[in-house]
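> Between the sequences and the hints, there should be enough to build the whole structure, so can you do that?
For the sequence shown, UniProt numbering gives the first residue as 1, with consecutive numbering after it.
It should be emphasised that the hints constitute simulated quantities derived from the structure, not laboratory data. Quick reminder that beta carbons are idealized off the backbone N, C-alpha and C, glycines included. Please note that a few of the clues may not be correct.
Said to hold, decoys possible - Label pairs and their in silico Cβ distance ranges:
1) T15 x W84: 18 to 28 Å
2) P50 x T173: 15 to 25 Å
3) M345 x H48: 31 to 41 Å
4) D85 x L294: 24 to 34 Å
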Amino acid sequence: MSPAILTIVISSLATGTIITMTSHHWLMAWIGLEMNTLAIIPIISIMHNPRSTEAATKYFLTQAAASAMILFSSMINAWQTGTWDITNLTSEPSHILLTMALAMKLGLAPMHFWLPEVLQGSTLTTALIITTWQKLAPMSLVYFTMNSLSTTILILLGLSSSIIGGWGGLNQTQTRKIMAFSSIAHLGWMIMISSIMPNIMILNLMIYLFMTTAMFCSLISSKSKTIQDTTTAWTLSPTLTTTMMILLLSLGGLPPLTGFMPKWLILEELVSQNLLPAAIIMAMSALLSLFFYLRISYTTTLTLSPNTTQTKFKWRFKPKHPTSLMMTFSTISIFLLPLTPLILM
1 MSPAILTIVI SSLATGTIIT MTSHHWLMAW IGLEMNTLAI IPIISIMHNP RSTEAATKYF
61 LTQAAASAMI LFSSMINAWQ TGTWDITNLT SEPSHILLTM ALAMKLGLAP MHFWLPEVLQ
121 GSTLTTALII TTWQKLAPMS LVYFTMNSLS TTILILLGLS SSIIGGWGGL NQTQTRKIMA
181 FSSIAHLGWM IMISSIMPNI MILNLMIYLF MTTAMFCSLI SSKSKTIQDT TTAWTLSPTL
241 TTTMMILLLS LGGLPPLTGF MPKWLILEEL VSQNLLPAAI IMAMSALLSL FFYLRISYTT
301 TLTLSPNTTQ TKFKWRFKPK HPTSLMMTFS TISIFLLPLT PLILM
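Below you can see the structure in the form of structure tokens.
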């Protein structure tokens, strides 16, 4: 892709998200989402092979259907109430339609089937954009309409996403599919708390973005597309393998790492709201996710695959990708837990 076209596509992607996040009118929000979807399609199909074309088609169909549902729900609401204001969503059918549409946009279970397939068909860099930047616009709509959406449906979506996100990743060997199921599980935690404590949802989203970006940067620099590839990552950089292991444990939500903070706050809030069964299910589903994170961290750091003498000298070469972004986000993803009281103030 030529630099001029890439610049236009990336700026359209950014503009679409910003339009959605700053709009008060349903039509403007919808236009932002459409810009976002149309801008990411060329990025997904950049490789010109059948798999990436299939991934782009799947992404387009699901996102277009979700956008149409959002437009339909806002039209029903405007027809019944006479207003297009995002915060003024009072019609019952509109709530249900909007919840389903946003769940499809975010890839929440049971509307999650497109996400692993699309990530598997795209490059690691594109997968990073889909799992981080592309979540911002739908999450901002969730934040705007939170008071109107049904708490029960959101809790059920959160529970199903965290369980399926953990369960689906157990049998995977491709790192992109594992990261897709990891994304589904994390979004489940966010949606779970969204109608109860919006501030924790925003905090969870920020930490999720930091951790996922750091993890994808590690996978990109080590060129790890499968779990088998991670076994030779130590030849590239021993420091990178250690960082990857700690990042995976942080994604799993183990103390004393950053990833523990949102899980701890969400479980605490659920217990204080007397949602004890939901809290127990969420905690158990976190163990499912932890299993496949531990599996990758084991292959990355604790196994030494059979190798030739030449592979040992790979770390002497200069890295092809800039590592400053990876190290910044890795540091945030590992050491932020002691700052919890300061963040909550």
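> Decide, hint by hint, whether the structure agrees.
Against the structure, the hints:
1. About 21 Å separates the C-beta atoms of T15 and W84, a value consistent with the hinted range of 18 to 28 Å.
2. Take P50 and T173: their Cβ atoms lie about 21 Å apart, and the range 15 to 25 Å holds.
3. With their beta carbons about 50 Å apart, M345 and H48 fall outside the hinted range of 31 to 41 Å.
4. At about 47 Å, the CB distance of D85 to L294 disagrees with the hint of 24 to 34 Å.
Figure legend: structure checked against the earlier numbered hints; hints not met, in rising order: 3, 4.
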